[in-house]
Amino acid sequence: MTFGGPVSGSFISQRLRLHYVDWGNPEAPPLLLLHGGRDHCRNWDWVAADLARDWHVIAPDLRGHGDSGWSPDGNYAMAAFVYDLAQLIHQKDMAPLSIIAHSLGGNIALRYAGLYPDKVAKLIAIEGLGPSPKMLAERGVRDPAERMRNWITEQRDLSRRLPKRYAVIGEALARMQAENKHLNAEQARHLTVHGMLQNEDGSWSWKFDNYVRSFSGVDIPYADLEKLWSAITCPTLLVYGAESWASNPETDGRLKHFNTATVSSYERAGHWVHHDRTADFIAEARGFLTS
Numbered sequence: 002m003t004f005g006g007p008v009s010g011s012f013i014s015q016r017l018r019l020h021y022v023d024w025g026n027p028e029a030p031p032l033l034l035l036h037g038g039r040d041h042c043r044n045w046d047w048v049a050a051d052l053a054r055d056w057h058v059i060a061p062d063l064r065g066h067g068d069s070g071w072s073p074d075g076n077y078a079m080a081a082f083v084y085d086l087a088q089l090i091h092q093k094d095m096a097p098l099s100i101i102a103h104s105l106g107g108n109i110a111l112r113y114a115g116l117y118p119d120k121v122a123k124l125i126a127i128e129g130l131g132p133s134p135k136m137l138a139e140r141g142v143r144d145p146a147e148r149m150r151n152w153i154t155e156q157r158d159l160s161r162r163l164p165k166r167y168a169v170i171g172e173a174l175a176r177m178q179a180e181n182k183h184l185n186a187e188q189a190r191h192l193t194v195h196g197m198l199q200n201e202d203g204s205w206s207w208k209f210d211n212y213v214r215s216f217s218g219v220d221i222p223y224a225d226l227e228k229l230w231s232a233i234t235c236p237t238l239l240v241y242g243a244e245s246w247a248s249n250p251e252t253d254g255r256l257k258h259f260n261t262a263t264v265s266s267y268e269r270a271g272h273w274v275h276h277d278r279t280a281d282f283i284a285e286a287r288g289f290l291t292s
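Basically our numbering = 1-based index in the sequence shown + 1.
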């Protein structure tokens, strides 16, 4: 296989068939690219096309996203996402590997790196730590029973929610452009086309399962998540956009839980730094991965 473009493949995790694209160059060091929530593996195409010259790049679709299978019970717990990542790395014999991950994907990758520190050589997480301590405090401290009740309510609401249908793909393109003002026309169209499927009546819908909008009511305590961060031993780069909603861990105190992490902040960038400052991000990623 050459590295001229992505080739689709699949693997099985918890009886789900999950999709990935392989950019070839199999003799090179392995590099996994993990997308964020309600996104898809082809959002990495600009980054992957460049890095595939020197790395064996694989980019999966998370369960419930892109061309991967949907969880039959509509439950998208973090433990399931981490298991899927562990299965892909195990089945494809990729460890030790480097990982670049965004948002939800970054959260998953950071947990995996804390669980299996010997399997990750380098890690770049773009806004992957989740809500800051301040944001969590503003939401209010809820006991486990209340969190579970809220999750049940969310699930019931989502069970009544049908996938939105767009008469023409241009309507979805406008939605994509409104979501991120930094996207140019080519980027927005690429992300939209690869993120949609056409329905039988000719309309268009996003590929992701609506149930991915609801996070499980059960997760590890926040203190345990901090312990996982502190267990990471590989060099780690935490990337943030200055115009994003996300809080920079260097200023909110979360960086203290990492032993090997540094923070990189980008001006003129929001939540999708790898789209907003693509060339600069690729240059920094290359330098970090080869240092």
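Don't take each hint at face value.
Claimed, not checked - Here are the computed lysine to aspartate or glutamate pairs in the EDC-like style, where the Cα-Cα straight-line distance is at most 16 angstroms:
1. 165 / 139
2. 135 / 253
3. 257 / 220
4. 208 / 28
5. 93 / 23
6. 135 / 251
7. 93 / 144
No lab work stands behind these hints, which were simulated from the structure alone. Computed from a predicted model, the values in this text were never measured in an experiment.
Practice task
Of all the hints given earlier, name the ones this structure violates by number, lowest first.
Solution key: 1, 3, 4, 7
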